[in-house]
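Take these sequences, add in the hints, and give me the full structure.
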Amino acid sequence: MAMHDLDMTHVNPETRKLTKSGLPLARLGYGGAALALVAATGVLEGYELFLASAILSYAIAAMGLNVLMCYNGQLSLGHGAFFAIGASGAAICIDRFAVHFALTPIIAGVVGMGAGWLIGKPALKLEGVYLALATFGLAIATPTVLRSDLFSEWTGGVQGLFLLINPAPEWTGLDLDQSIYVAVVLYFLIFAFVTLRLVRGLNGKAWIATRDNPIAARAMGFDVTRAKTRAFVFSVLACSVGGALSAVAVQFVAPDSFPFFLSISLFTAVVVGGLCSPLVGPLLGASFIVMVPNLTEEIWQGGSWAVYGAFIIVIMAIQPRGLAGMLAWVRAKVTATSNND
Amino acid sequence: MTFFLEQLIIGLSSGGIYAIMALALVMIYKSTGHVNLAQGEMAVFSTFIAWSLVQMGVPIWPAIFLTMAVSFVGAIVLERVVVRPFAEADDLVIVAVFVGLFLGIHSLAGAIWKYEVKPFPSAFSDGSVNLMQDLSIRIHTLGSLATTGAVLAATWFFFRYTRLGLALRAAADNHESSRLVGINVSFMLALGWGLAAGIGAVAGVMIAPVTFLDPGMGLAPLIFALAGALLGGITSPFGAALGGLIVGVLEAMISANVHYGIEYRELLALMLILSVLLVRPAGLFGEIVTRRV
Amino acid sequence: MLKSTTALVMGLTLASGAMAADYDKGASDEEIKFGAIVPLSGPASAYGSVGSCISAYFDMVNDKGGINGRKISVSVQDDGYNPAKMLEHARRLVEREGVLFIAGNVGTPTNSAIHRYMNQRKVPHLFLTTGASKWDDPENYPWTMGYIPSYAAEGRIYAKYIKENMPDAKIGILYQNDDFGRDYMDAFIDQLGDESMVVSKVSYDTSAATVDSQLSTLKESGADVFFNVSSPKFAAQAIRRAGEIGWEPEQFLVSVSNARSAVLEPAGLEQSTGIISTQYLKEPTNPAYANDPDMLAWREFKENYFPKASEGNWWDWSCYTTSYTLEHVLTQAGDELTRENLMKVAASLEGFEAPMLLPGITVNTSADDFAPIEAMSLMKFDGTNWVLFGDVIAVD
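Chains as they are written, first to last, in our numbering: chain U, -14 to 326; chain R, 159 to 451; chain V, 524 to 919.
No wet-lab data here; the hints were simulated from the structure. Heads up, the beta-carbon is just placed ideally off N, CA and C, and yes, glycines get one too. It cannot be assumed that every hint is accurate.
Straight line, CA to CA, 30 Å or less: simulated DSS-like cross-link-like pairs of lysine-lysine [said to hold, decoys possible]:
| no. | chain 1 | residue 1 | chain 2 | residue 2 |
| --- | --- | --- | --- | --- |
| 1 | V | 645 | V | 686 |
| 2 | V | 825 | V | 805 |
| 3 | U | 190 | U | 110 |
| 4 | V | 825 | R | 272 |
| 5 | V | 867 | R | 276 |
| 6 | V | 587 | V | 825 |
| 7 | V | 831 | R | 276 |
| 8 | V | 805 | R | 272 |
| 9 | R | 272 | V | 693 |
| 10 | V | 903 | R | 276 |
| 11 | V | 556 | R | 272 |
| 12 | V | 724 | V | 657 |
| 13 | V | 831 | V | 903 |
| 14 | V | 548 | V | 686 |
| 15 | V | 645 | V | 657 |
| 16 | V | 867 | V | 587 |
| 17 | R | 272 | V | 831 |
| 18 | V | 724 | R | 276 |
| 19 | V | 805 | R | 276 |
| 20 | V | 548 | V | 657 |
| 21 | V | 867 | V | 903 |
If you anchor each label on the Cβ, the simulated ranges turn out as follows [as the list claims (entries may be wrong)]:
| no. | chain 1 | residue 1 | chain 2 | residue 2 | range |
| --- | --- | --- | --- | --- | --- |
| 22 | U | 151 | V | 890 | 23 to 33 Å |
| 23 | V | 639 | R | 438 | 48 to 58 Å |
| 24 | V | 913 | R | 279 | 33 to 43 Å |
Spelled out as structure tokens, the structure:
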């Protein structure tokens, strides 16, 4: 089934018409949003900053996973493993090597990519249901492996590892929560920029081509394998960085932090957020997986995940393009009515 | 030697369970073209229904048959109401729906029956048969292996020799062509779900006496069943069942003999899947699909 | 005359104003708010009933008029046994919902994630439902206090018993591969002193289907003593399997998994005969306590407020004792409902008799002892019931 109708990387030409100055509204919007995110440091406090850091970390992971699933058309139910690798990597850096927390995502990303290369080689050869099931297996295996004797020495074992994070230097006036948040926002903005460039540039076009018709693409000389590998590596990088940042935000890692359910959540964030929406989808999806469980708990504490599951199904039924799709639909309606005025 | 045989028996015991679950996966895949991730949770839910029936005083065999019937109907309703609206949707969206079902059914089972462990009676006797000194096999294991065989034979016969089975496979393969030939595709899809749920219920009542019943019971068997189905070929009932048995035996052997074997069980299952799929993506006995370029 | 009366009245009014109650966030004239974070979903959900129990208990307290005229509000949150989630809930409870304290939380990795946070924010982190020994550290973590006897302490009891009574034992250990299992095992081995006594250690993960393979390995190792460190489901499987494969070691079973109806009955009562375990509570399924006033009180509580409790589930009776102790602490705090005072009161329990505790066991805390219960009794299963033997053992 062709996926190009889920492709939302193009700015709606209608929207372009609306701005007086001629600047694409989109670019104005992105800049404004970035500013808002940074400004939030001064506005939000403690708990909200912590929550925002968590959401942005997942959003980074979701951006990467979205690239893989949308453009490679490859389903992964196991990226929690890379999230865990990133988090554990960050933990080890901080705990053993006293690396500054803001640098750990970089190291974690590199380590993650190494693991990704190992797992990716065979994984890329699989398709469809086989890939889905293999990654599902990876998700289930991850917590067990983390708990095992082999790794427990590095990851703090079953009791977990507390990460001592030092806030930004005095002169910045930032407390710990703020320091962490600022670092997370910076990484998020970098990733957002990179993702958009990748997706809108030549890479993106190559990906769309290989996804829609890999045989034709190959026939035309596209290195399909290379393109797929690139997408896979990007997804792994994003998950590792997201994992590292989330470990920093929580200041603690333990094997129990990465249950098989985490992989399912990342997948959910991408699809419910909006598949093929490079930025808005992952953000909305990350918010969904962090905030909605609290909501469902209010609705039915004993069966909160039943409500959660129902939410997923209902959202998919209403709008297969997920929350980002709903937003786009609303925006289209709004612009249509204002156009008619 | 006794130790080895003991491991073999343990392996066959779990393998038999994985085999039945794998057959449910084959059924759903052959009839709908999708692997339902929620299959394990549905099987557990069915087992809880059976448990409730037994608590109410229904004898075990009638309870099992009743549960199979209820599961059959329930799954058809589920397919119609929840899955059908997504018939033309993108693969990834459908998987998201399965994820939703997975979480929903699991949570519902926990909310209704709670999370404490419950003993479940065996459909066969509770005793064991002594094979030789210090080596015995549970009668339940023998019964479950026999049941696996029966379900396998029934599934294989159904797909190979019955018109309904053929219609089901056709419907999964090509909606349009099937409709043109007069097959009621929508009925076939629902039927596929119903049958898969029935098989799943059987798997559940075979597992529960061994592991005790609780909402989390389905996860481990599911992953090994998936491994088995992929190993043997998700399109082949015989292959999937054999795959399940092989995975069970391998798991037991590795757990007992390899250092860190027990801890890395799931990882080994995963690596097994990957190795086989790299060499033979369709599994040992699966159909190889050639695509016209 | 009138002037002095007025003066007197005014004076008294002023004085009572000066003696007004002292509150920290979460306490007021009308209510006391606290939180409990437990796993209500995911693989550890069986332990989540602690939350519902505490909630039910304080419903009962409220119906009886509350504590010192105040209503108690409990906010129970689900963390799915995920440390990151527990931190999120703790932060929200403390920073947004404004609770006075948090109590009863389940799990070691989860509580570890909020250990420093609670102490940094100076919020009481009380009566945790986990047996890790790290909660008894008033010097470094003055705001955190455990409750149940530590797993390590219990493990040591078994090790001591074995050394005294079976010095030539060859021990095989089955342990759950998490903080609970390892805590027991490490302390046990440490107490033994001689690690060569342990001929086999096998673990299992909670996601496992059966422990059949593990039991085979244990039997094969030639062990004649079996230390069973598993949660109820796997404990039952293990005991039953041992019987099936004809392995008849001396069995030691951890207290969390020794309930007769939840574990021994499914495992097989005959098979379970002779198993040794410890306990610090009276078990509802033991007919010896049928007319015990504590038991009757618990049953009444269960019937009226906590019907989904199960007699076989340790988490459902132990929480009653914990809640009762918490109620006592809140009552003693009177009108001085500050976090500091709460900790002070909690750390001054002397010989406090909470219901369901075995005779001879009381709750004791002090400024340098944050382990409320430090005594257990050994018991042996006679085929029908658990029978206590020996003296109450004080552990450290």
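Going through the hints against the structure:
1. V/645 <-> V/686: violated, 43 Å
2. V/825 <-> V/805: Holds, at about 15 Å.
3. U/190 <-> U/110: holds, 21 Å
4. V/825 <-> R/272: holds, 16 Å
5. V/867 <-> R/276: violated, 43 Å
6. V/587 <-> V/825: Roughly 16 Å separates the two Cα atoms, so the pair holds.
7. V/831 <-> R/276: Holds, at about 14 Å.
8. V/805 <-> R/272: holds, 24 Å
9. R/272 <-> V/693: It is violated: about 39 Å lies between the C-alpha atoms, which goes past 30 Å.
10. V/903 <-> R/276: Holds, because 24 Å separates the two Cα atoms, which is no more than 30 Å.
11. V/556 <-> R/272: Since the Cα atoms of residue 556 of chain V and residue 272 of chain R sit roughly 27 Å apart, the hinted pair holds (cutoff 30 Å).
12. V/724 <-> V/657: holds, 24 Å
13. V/831 <-> V/903: holds, 29 Å
14. V/548 <-> V/686: Violated: residue 548 of chain V and residue 686 of chain V sit about 51 Å apart, past 30 Å.
15. V/645 <-> V/657: holds, 18 Å
16. V/867 <-> V/587: Distance of about 26 Å is within 30 Å: holds.
17. R/272 <-> V/831: Between residue 272 of chain R and residue 831 of chain V the Cα gap is close to 9 Å, so the pair holds against 30 Å.
18. V/724 <-> R/276: holds, 27 Å
19. V/805 <-> R/276: At roughly 22 Å apart (the allowed maximum being 30 Å), residue 276 of chain R and residue 805 of chain V satisfy the hint.
20. V/548 <-> V/657: holds, 27 Å
21. V/867 <-> V/903: violated, 38 Å
22. U/151 <-> V/890: 23 to 33 Å: Holds - the Cβ-Cβ distance for residue 151 of chain U and residue 890 of chain V, about 31 Å, lies within 23 to 33 Å.
23. V/639 <-> R/438: 48 to 58 Å: holds, 52 Å
24. V/913 <-> R/279: 33 to 43 Å: holds, 38 Å
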